[in-house]
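Colleague: In the order they appear, the protein sequences are chains A and B. To convert, take the position in the first sequence, counting from 1, and add 1; that gives our numbering. To convert, take the position in the second sequence, counting from 1, and add 10; that gives our numbering.
A portion of the hints provided could be inaccurate.
[What the hints assert, rightly or not] Once the Cα atoms are required to be at most 30 Å apart in a straight line, the calculated DSBU-like pairs of lysine-lysine come out as: (1) A:Lys-6 to A:Lys-69; (2) A:Lys-72 to A:Lys-6; (3) A:Lys-57 to A:Lys-38; (4) A:Lys-6 to B:Lys-67; (5) B:Lys-23 to B:Lys-67; (6) A:Lys-72 to B:Lys-67; (7) A:Lys-69 to B:Lys-67; (8) A:Lys-69 to A:Lys-57; (9) A:Lys-38 to A:Lys-69; (10) A:Lys-55 to A:Lys-6; (11) A:Lys-6 to A:Lys-57; (12) A:Lys-38 to B:Lys-67.
[Unchecked claim] Partial pick of chain A residues on the chain B-facing surface, computed with a CB cut under 7 Å: (13) Gly-44; (14) Pro-45; (15) Glu-99.
[Claimed, not checked] Far from chain A, some chain B residues (derived; all Cβ distances over 12 Å): (16) Gly-26; (17) Gly-38; (18) Ser-43; (19) Glu-62; (20) Phe-74; (21) Phe-79; (22) Ser-80; (23) Leu-120; (24) Thr-121; (25) Val-122.
No lab work stands behind these hints: they were computed from the structure. Built from N, CA and C at the ideal position, the CB exists for glycine as well.
So you can see what is in the structure, the chains are spelled out below.
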Amino acid sequence: DQQVKQNSPSLSVQEGRISILNCDYTNSMFDYFLWYKKYPAEGPTFLISISSIKDKNEDGRFTVFLNKSAKHLSLHIVPSQPGDSAVYFCAAPNFGNEKLTFGTGTRLTIIP
Amino acid sequence: KAGVTQTPRYLIKTRGQQVTLSCSPISGHRSVSWYQQTPGQGLQFLFEYFSETQRNKGNFPGRFSGRQFSNSRSEMNVSTLELGDSALYLCASSLAGINSPLHFGNGTRLTVT
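Here chain A stands alone, though its shape is the one from the complex (with noise of 0.2 Å):
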């Protein structure tokens, strides 16, 4: 059962553009969600979060939007950079169980 989906497995985008991944949940338990963002060969990093009282999160190029009766969030990356090729996750926490749960990825490449 698959409670956060990533339904793009890649995406390409030329720099200076925009860069938007998309994310679905199933389970309106979820009040609190996260983006990681994964380069080869290294674990998943921190990038922004957003609660479920809001629907927006801004911290430099990135933002994250919530629409909360969608069950749906995107992460929007202006502009893009080349250095913002990796593998994007977006996950949301399970207070419950003491887990994390993530979608299957985006991989984003950015065309120079």
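Since chain A is already given, all that's left is putting chain B on it; use the hints.
Modeller: Just chain B now, with coordinates in the frame of chain A:
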């Protein structure tokens, strides 16, 4: 501050063998979690330890086990290895569990032949 350290980085084992992976968390972090990453499956939760106690376990067979020591270092063990156990095993530490950000190590790449 040193990050999460996982050893070894790479391992090659044959079916039926057992393996032990090690994780040293960030100093002061008492929670250690383990995740398995395989292509197409994302990161799957294995277990979480806090102050030497396993607080939760994911949906993995009993061949997967772990422990945490008094200095918060953790090990995970996989016995009777199967080909499907080939994966990247990631350890993450945090101050108190998922109420605080998880910091991941670079993982151990296990290949079972």
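Colleague: Now look at each hint and say whether the structure bears it out.
Modeller: A quick look at each hint next to the structure:
no.	hint	in the structure
1	A:Lys-6 to A:Lys-69	15 Å, holds
2	A:Lys-72 to A:Lys-6	11 Å, holds
3	A:Lys-57 to A:Lys-38	19 Å, holds
4	A:Lys-6 to B:Lys-67	22 Å, holds
5	B:Lys-23 to B:Lys-67	24 Å, holds
6	A:Lys-72 to B:Lys-67	26 Å, holds
7	A:Lys-69 to B:Lys-67	29 Å, holds
8	A:Lys-69 to A:Lys-57	11 Å, holds
9	A:Lys-38 to A:Lys-69	23 Å, holds
10	A:Lys-55 to A:Lys-6	21 Å, holds
11	A:Lys-6 to A:Lys-57	20 Å, holds
12	A:Lys-38 to B:Lys-67	25 Å, holds
13	Gly-44	3 Å, holds
14	Pro-45	5 Å, holds
15	Glu-99	4 Å, holds
16	Gly-26	28 Å, holds
17	Gly-38	17 Å, holds
18	Ser-43	7 Å, violated
19	Glu-62	15 Å, holds
20	Phe-74	14 Å, holds
21	Phe-79	19 Å, holds
22	Ser-80	20 Å, holds
23	Leu-120	14 Å, holds
24	Thr-121	14 Å, holds
25	Val-122	19 Å, holds
Of the numbered hints given earlier, the model fails hint 18 alone.
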